[in-house]
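Engineer: What follows is each chain in one-letter form.
8 protein chains.
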Amino acid sequence: MIIHNDNTDDLGFAVIDSRRNERTCYPEVVYCAGKTIDQSEVIIIRMREKGIPVLATRAQPELALCIQKRFPEAEYDDVSHILMVGSTYSKADLKGRVIVAAAGTSDLAVAKEAALTAEFFGSRAELVTDVGVAGIHRLFNRLEDLRKANVIVAVAGMEGALPGVVAGLVAAPVIAVPTSVGYGAAFGGLSALLGMLTSCAPGISVVNIDNGFGAGYQANLINHLAGRENHET
Amino acid sequence: MIIHNDNTDDLGFAVIDSRRNERTCYPEVVYCAGKTIDQSEVIIIRMREKGIPVLATRAQPELALCIQKRFPEAEYDDVSHILMVGSTYSKADLKGRVIVAAAGTSDLAVAKEAALTAEFFGSRAELVTDVGVAGIHRLFNRLEDLRKANVIVAVAGMEGALPGVVAGLVAAPVIAVPTSVGYGAAFGGLSALLGMLTSCAPGISVVNIDNGFGAGYQANLINHLAGRENHET
Amino acid sequence: MIIHNDNTDDLGFAVIDSRRNERTCYPEVVYCAGKTIDQSEVIIIRMREKGIPVLATRAQPELALCIQKRFPEAEYDDVSHILMVGSTYSKADLKGRVIVAAAGTSDLAVAKEAALTAEFFGSRAELVTDVGVAGIHRLFNRLEDLRKANVIVAVAGMEGALPGVVAGLVAAPVIAVPTSVGYGAAFGGLSALLGMLTSCAPGISVVNIDNGFGAGYQANLINHLAGRENHET
Amino acid sequence: MIIHNDNTDDLGFAVIDSRRNERTCYPEVVYCAGKTIDQSEVIIIRMREKGIPVLATRAQPELALCIQKRFPEAEYDDVSHILMVGSTYSKADLKGRVIVAAAGTSDLAVAKEAALTAEFFGSRAELVTDVGVAGIHRLFNRLEDLRKANVIVAVAGMEGALPGVVAGLVAAPVIAVPTSVGYGAAFGGLSALLGMLTSCAPGISVVNIDNGFGAGYQANLINHLAGRENHET
Amino acid sequence: MIIHNDNTDDLGFAVIDSRRNERTCYPEVVYCAGKTIDQSEVIIIRMREKGIPVLATRAQPELALCIQKRFPEAEYDDVSHILMVGSTYSKADLKGRVIVAAAGTSDLAVAKEAALTAEFFGSRAELVTDVGVAGIHRLFNRLEDLRKANVIVAVAGMEGALPGVVAGLVAAPVIAVPTSVGYGAAFGGLSALLGMLTSCAPGISVVNIDNGFGAGYQANLINHLAGRENHET
Amino acid sequence: MIIHNDNTDDLGFAVIDSRRNERTCYPEVVYCAGKTIDQSEVIIIRMREKGIPVLATRAQPELALCIQKRFPEAEYDDVSHILMVGSTYSKADLKGRVIVAAAGTSDLAVAKEAALTAEFFGSRAELVTDVGVAGIHRLFNRLEDLRKANVIVAVAGMEGALPGVVAGLVAAPVIAVPTSVGYGAAFGGLSALLGMLTSCAPGISVVNIDNGFGAGYQANLINHLAGRENHET
Amino acid sequence: MIIHNDNTDDLGFAVIDSRRNERTCYPEVVYCAGKTIDQSEVIIIRMREKGIPVLATRAQPELALCIQKRFPEAEYDDVSHILMVGSTYSKADLKGRVIVAAAGTSDLAVAKEAALTAEFFGSRAELVTDVGVAGIHRLFNRLEDLRKANVIVAVAGMEGALPGVVAGLVAAPVIAVPTSVGYGAAFGGLSALLGMLTSCAPGISVVNIDNGFGAGYQANLINHLAGRENHET
Amino acid sequence: MIIHNDNTDDLGFAVIDSRRNERTCYPEVVYCAGKTIDQSEVIIIRMREKGIPVLATRAQPELALCIQKRFPEAEYDDVSHILMVGSTYSKADLKGRVIVAAAGTSDLAVAKEAALTAEFFGSRAELVTDVGVAGIHRLFNRLEDLRKANVIVAVAGMEGALPGVVAGLVAAPVIAVPTSVGYGAAFGGLSALLGMLTSCAPGISVVNIDNGFGAGYQANLINHLAGRENHET
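Sequence order for the protein chains is A, B, C, D, E, F, G and H. The working numbering puts the first sequence at residues 1 to 233. The working numbering puts the second sequence at residues 1 to 233. The working numbering puts the third sequence at residues 1 to 233. The working numbering puts the fourth sequence at residues 1 to 233. The working numbering puts the fifth sequence at residues 1 to 233. The working numbering puts the sixth sequence at residues 1 to 233. The working numbering puts the seventh sequence at residues 1 to 233. The working numbering puts the eighth sequence at residues 1 to 233.
One should not assume that every hint holds.
Claimed, not checked - Estimated spans, in silico, between C-beta atoms of each pair:
1) 75/G - 2/A: 57 to 63 angstroms
2) 33/B - 171/D: 50 to 56 angstroms
3) 147/C - 68/E: 44 to 50 angstroms
4) 75/F - 148/H: 48 to 54 angstroms
Said to hold, decoys possible - Quick partial rundown of chain C residues pointing at chain E, CB under 7 angstroms, derived from the structure:
5) 42
6) 115
7) 125
8) 184
What the hints contain is simulated information worked out from the structure, not anything from laboratory work. We treat Cβ as the ideally placed atom computed from N, Cα and C, and that holds for glycine.
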């Protein structure tokens with residue numbers, strides 16, 4: 001069988017899109033779920049050779065060990081399974097403010113995935129935990145912080161009510177992330193997803209279930225608008 | 001074809017369960033949806049002849065006119081489509097306190113169905129409107145009232161977040177009613193239903209979509225426990 | 001990344017809501033599913049240090065062993081996986097009557113979760129087993145008992161018909177719990193859930209699939225109304 | 001466009017399967033939903049010309065009027081919308097016993113469709129109404145009758161619990177018919193369908209939602225086995 | 001917690017319904033899925049002590065070994081996982097004819113469950129394999145056999161078309177069993193289930209996905225009508 | 001608001017893609033559902049002015065009248081609601097052979113939509129009706145015809161079994177079209193769709209529910225391969 | 001029944017949240033679907049009396065006529081059914097750039113709802129039509145425009161592929177709006193919704209089906225970040 | 001139990017359809033999922049004894065080892081798990097051109113299953129990888145190749161947009177294969193499946209989720225039409 005793939009970035013099992021940067025301003029990201037440790041390792045090494053900063057999501061701890069051996073500057077967060085090598089931004093360079101609010105402790109992994117993604121691409125990110133609507137006083141205690149954000153990522157499972165409550169209290173756009181936390185009628189995050197899509201508060205848009213990366217990426221795009229000049233027409 | 005139905009309460013198209021009273025303490029209720037005006041009218045007249053107080057749900061305005069002509073004491077609420085004839089309880093007899101909280105104005109019909117049902121069976125009912133979570137300060141303004149209830153009925157469509165927020169703030173049991181308000185991913189009330197079932201706050205139980213009657217009936221059963229002596233074992 | 005969480009009850013991976021008590025009259029509960037043994041252990045110890053009575057649901061046997069070593073008074077039920085430490089109520093203090101009826105033997109774990117939860121919060125609870133509707137004479141043998149309850153929890157999988165039959169026979173409110181028992185078109189409890197929500201008998205409200213805790217908690221709230229004075233308006 | 005259809009029974013818009021009789025012992029049936037009055041009329045007339053007894057389901061009242069004008073012996077039931085012309089069986093010829101049990105009055109149309117279908121094909125059919133499980137004493141009053149049946153058709157909407165209760169009480173096979181009665185989580189009969197498929201009582205098999213005809217047809221096939229000699233091998 | 005269960009057949013984790021026999025003519029069946037080997041073993045021993053013939057479905061091979069050690073007459077089929085001890089019927093006693101037709105080889109386990117169940121309760125059962133509609137000539141080769149049956153069980157996964165084709169060719173009632181065979185849009189048997197319910201051929205009724213036992217039980221009830229006298233009215 | 005649309009084919013409410021022809025060899029088609037009569041009329045007139053042959057699907061009878069007044073050569077089929085103006089192909093030019101097989105008479109509209117679409121684009125199309133699997137002898141009578149086709153379109157509602165049976169009998173590729181014919185568990189064509197996707201016979205691919213146009217278009221593309229030279233590599 | 005609602009903005013059937021402005025920077029919006037013409041009219045008049053600029057969505061043409069009679073400055077768009085009275089922003093005041101891209105002409109109503117909403121709240125909005133992925137060259141012709149946007153709203157029905165393609169080509173955040181355009185397996189917009197949520201391109205977040213208002217509102221919030229100073233921490 | 005199966009090709013657990021060849025021109029295929037290694041091995045050996053070329057799909061590596069030991073000419077692809085023994089076609093014999101386009105690297109296994117299947121039955125197949133719509137320039141780079149195909153198989157998970165984009169660019173028929181790649185709202189391939197069925201581009205038909213074999217088989221049937229003479233009528 002003829003296999004067409006003359007790209008010099010072709011690794012056989014994956015192709016590095018090294019020009020994504022030019023097209024959308026941001027480099028490609030390595031999604032490790034469904035790849036072997038070896039495959040992810042080869043991709044990361046090749047990207048580093050080309051000088052591309054690496055953000056790897058859902059990275060297994062074993063992969064992190066391998067990579068940290070070769071690249072001691074690599075950082076790994078074992079809650080969100082985010083692995084970063086060669087980030088362009090130092091803490092001092094981070095700009096604006098993305099606040100990631102998590103309803104419960106079981107939403108923490110997804111929330112950190114969002115926050116670390118936003119930071120990787122240059123946004124200052126802050127995490128506010130345990131502000132689920134079943135104990136809403138905890139959310140009110142954080143309202144001052146939430147009102148300073150350029151954009152808020154709200155992460156919740158089960159009934160997914162957090163984004164709607166937040167969007168009714170602040171002026172910033174809210175990116176809602178349903179999580180697969182819960183059992184029975186939570187149906188693997190479907191319940192939270194539907195709740196967020198039908199929220200009666202405007203100012204919310206939603207990403208896929210457990211997609212902390214997608215929310216952090218979108219929040220970063222939005223956050224970078226702040227301070228930017230508008231195009232002349 | 002032989003049709004077995006020797007019950008003297010048999011009207012041909014419906015059978016009055018005139019002994020329900022003894023079994024469950026409450027008389028049967030007339031559900032008018034799917035019956036013709038004529039059929040409902042005949043049932044109501046027969047029940048009145050037997051001295052049974054009549055609660056008719058989803059009663060058409062035309063039916064209400066017919067019945068009010070014959071029974072001037074009949075009361076009709078054209079928002080909830082509740083029709084009552086020969087209620088046993090005067091306002092002064094109503095006991096305890098059921099509070100029905102509605103998230104939005106489009107939830108009002110269902111909420112009034114719940115409140116009027118509870119009153120019909122002897123509970124004092126109060127209605128608190130427009131306390132949806134997208135403008136949560138309105139809910140907090142009503143917190144004092146909510147805390148006085150023996151039981152709360154919380155009515156909401158779309159993401160259905162109201163019962164979870166309420167249950168985190170009060171000690172009373174909450175009966176949640178999802179409504180079919182909303183479009184798209186609201187899926188005719190499914191979204192609200194799933195949200196209420198998966199709420200992370202304990203102290204909530206749920207009835208069918210738009211089932212204000214069921215919620216009011218259940219709230220009344222619960223409300224009547226207050227003040228009652230416990231059985232000796 | 002800045003993590004906002006200045007609560008002194010913050011354990012890093014979880015936050016104890018030590019004032020929940022004041023808000024809703026009942027302390028927070030530890031849901032062990034999705035936590036490591038170590039995490040649950042730390043939370044329980046901290047709660048005991050603060051004098052909070054601990055109800056832990058879905059507790060693994062290993063966790064129970066650890067806790068019982070440190071707190072010999074801890075009680076563990078290996079069918080429902082309920083672990084209790086420092087319950088406030090002695091058997092003699094239990095009040096009123098909650099009856100938990102289970103349709104089949106595979107519903108037993110959920111039914112015991114409901115009964116033990118109700119007892120933990122001060123309700124006298126009794127368990128009636130094997131009263132599924134496929135052999136309905138067994139239910140009738142228990143009717144005298146059921147009629148003494150302030151509130152009934154009815155637990156069933158598959159077609160979930162038990163609560164509807166019970167609610168047609170008694171005057172007490174029924175809390176229905178669908179279980180994930182069954183295969184094929186049972187769809188993990190969905191079939192029982194829909195059946196309970198659409199039951200033609202009034203006096204039923206429903207909790208999430210397999211949520212014995214939620215049902216027991218709600219039944220306890222309701223049971224405690226009995227004997228209580230009504231508020232003056 | 002060439003249209004292949006050389007059958008002499010071809011009416012252009014429909015083809016009469018006049019040999020179905022030989023293959024399955026029973027003539028074809030006219031399903032009127034989705035046909036114009038004119039189309040159904042032409043089909044029925046052609047079938048009568050060939051001497052085929054006609055059973056038409058979901059026949060509009062206008063169709064019945066047209067047909068009764070031409071065939072005064074035609075019988076029409078305006079609850080089930082069954083129209084029969086030239087039935088082979090007189091009342092005296094009907095054999096065995098099919099009992100059709102309907103849970104509520106709104107299940108009556110489907111139940112009569114089942115009973116009349118069974119009679120049309122030669123079974124003695126009896127109808128037992130209003131035996132839904134929410135008032136289960138009514139079912140018990142009919143138990144003697146039910147136990148005399150060769151086969152029982154059990155018709156119910158909402159939670160669809162009737163067939164399971166019946167099958168636990170009798171030795172006859174039960175054909176369950178879910179109906180689209182109910183609202184909200186009844187989801188047009190899905191709830192009843194799932195309940196019947198997952199019933200814990202053996203001795204039940206299920207037909208499509210609202211398919212009274214299918215149930216009556218199947219019950220008739222089963223009923224005719226009674227009294228029949230077994231094949232020698 | 002008080003546990004009500006004064007039945008002498010109570011084993012603690014299960015209750016033997018030793019009078020089921022009188023009510024429905026057939027003894028209770030042991031469903032082994034979800035029970036431990038030990039639990040099933042105890043139940044079977046107790047039933048044998050009471051002289052009840054045992055049909056155990058979904059019996060693990062280890063259970064079969066234990067039981068066969070104690071009851072050498074026990075029979076086990078390792079395809080369908082049916083275990084039988086003390087069957088009442090010898091091969092010579094089997095009556096009538098139930099034919100079980102399986103679409104593919106992966107439907108064999110379910111088909112044998114149906115056939116062995118029917119035999120256990122006294123029906124002569126025959127198995128016809130590999131007659132799926134994708135190679136329909138194989139079905140036609142078996143038509144003579146199929147036409148001799150009192151009742152046919154048709155087992156199929158994927159699109160579930162077999163029962164509809166069979167019902168169009170024979171006069172016997174067809175019990176359809178959808179199986180969970182298939183992937184993707186087969187959705188664990190849902191596709192086959194819907195196909196069987198909506199088949200345009202009359203004379204079909206359906207049991208739960210993979211429920212070979214239920215189909216065999218129902219087929220046996222029907223088969224036993226053949227040769228039986230009709231009740232006098 | 002600025003509206004970008006500088007295309008000279010822009011009609012304000014629709015844009016004619018007059019170069020589609022070059023890209024895919026076939027002109028654009030007018031889908032009339034959801035357009036007003038006036039809008040469709042304007043589009044058709046504009047297309048004719050540019051010399052584009054017009055195929056309009058789901059055309060209302062009123063539209064057909066308007067168009068036929070202006071373009072007497074326009075052809076309209078009032079079963080499938082296909083309207084054609086200025087077809088490029090005369091009957092004599094039609095090539096190859098597409099056979100459209102319809103399971104029941106209610107599938108006829110969709111089947112004719114497929115056949116007329118294939119003809120419009122140059123394929124010889126033949127229609128075989130009433131070959132549903134519930135009376136499978138009718139299908140066998142047509143087998144000779146079916147085996148002469150280059151490609152077969154198989155149209156069926158309810159359980160959707162026809163394509164699987166056909167694909168097991170012929171060597172031609174089968175394009176399956178589920179229809180929304182049926183009620184209850186047919187779920188608007190979902191049942192047929194799932195059945196076709198999971199068919200155990202290879203050689204089937206499926207289009208959207210009721211999408212006769214899509215099937216005819218695809219069948220035409222395939223049919224035109226016959227007789228065509230293969231590319232040299 | 002006591003109805004609690006002491007708000008001076010209470011109209012009986014609706015409550016104006018006249019302080020929403022302070023909380024979230026934007027006034028409340030009137031959603032006309034499910035309100036009578038009279039109700040909407042009263043609400044709009046009251047809001048104008050309080051000097052609140054009015055954006056009414058899904059406004060019926062009759063309502064627009066009434067309002068334009070009283071407020072000649074009112075603007076109505078009869079494609080999107082947007083009605084605006086007393087907008088704060090003149091065309092010259094509009095800032096930044098929101099581009100709304102619509103896949104097909106049937107997505108136009110939703111797209112205009114988004115664009116007009118964004119303009120109402122002060123964003124410069126531009127509409128790009130007919131750029132669906134089935135004719136992808138049309139999208140490429142618009143790429144220059146799309147790359148100038150601060151934020152893009154991408155509106156599409158059926159498979160909902162447009163947002164994913166756009167997000168792979170530009171650096172701006174994309175707000176995706178699924179529409180209910182399509183039939184059969186489009187399932188009222190569900191297909192497009194799922195497609196947008198699972199898009200493999202990052203930089204997309206999604207609103208409810210047909211929720212052009214929600215998308216325009218969110219796009220406006222994001223667009224206003226451009227040019228804004230970041231908070232000092 | 002009597003088991004009817006007198007076919008000489010009966011292996012007890014499976015039946016070889018050795019005449020399928022005559023009926024549909026192609027031999028039967030071995031689907032290894034759900035068979036033991038031993039069963040598949042026996043089937044393959046028996047088929048080789050009869051001289052039938054063997055295509056085994058979803059073959060486990062252990063099976064491949066066994067078979068290659070006995071038949072050294074056997075070929076195994078460990079990405080797609082395709083095992084071939086005794087293929088009739090040498091590379092030189094392959095005809096026409098089938099192009100298989102895969103959206104992402106995780107779609108590769110399914111894409112190779114399609115390509116190898118097409119080759120096994122005599123089609124020249126080529127694979128084009130990594131042409132997902134999120135980086136659409138990669139697809140455009142391959143357009144020349146795609147336009148040379150007689151038929152295109154387009155494989156994609158998540159939103160499944162690839163086939164629609166391809167079908168808008170080429171004149172060849174497109175066979176779409178949804179894959180189960182993705183998480184959350186991808187719902188195991190459902191999202192991609194719905195997207196492909198509702199694509200607005202004509203010229204697409206769809207096979208089951210992950211059914212690379214089915215797509216390759218269908219593509220081969222279509223490809224073989226090229227160069228074939230049309231039947232005379």
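Engineer: Against each hint, give a clear statement of whether it holds in the structure.
Structural biologist: So, going through the hints one by one against the coordinates:
1. 75/G - 2/A: 57 to 63 angstroms: 60 angstroms, holds
2. 33/B - 171/D: 50 to 56 angstroms: 38 angstroms, violated
3. 147/C - 68/E: 44 to 50 angstroms: 47 angstroms, holds
4. 75/F - 148/H: 48 to 54 angstroms: 36 angstroms, violated
5. 42: Violated, because the Cβ-Cβ distance from residue 42/C to chain E comes to roughly 29 angstroms (cut-off 7 angstroms).
6. 115: Holds - the Cβ of residue 115/C comes within 7 angstroms of chain E, reaching about 5 angstroms at its closest.
7. 125: At 6 angstroms from the nearest chain E Cβ, residue 125/C passes the 7 angstroms test, so the hint holds.
8. 184: 3 angstroms, holds
Consistency note: the structure conflicts with the earlier hints numbered 2, 4, 5.
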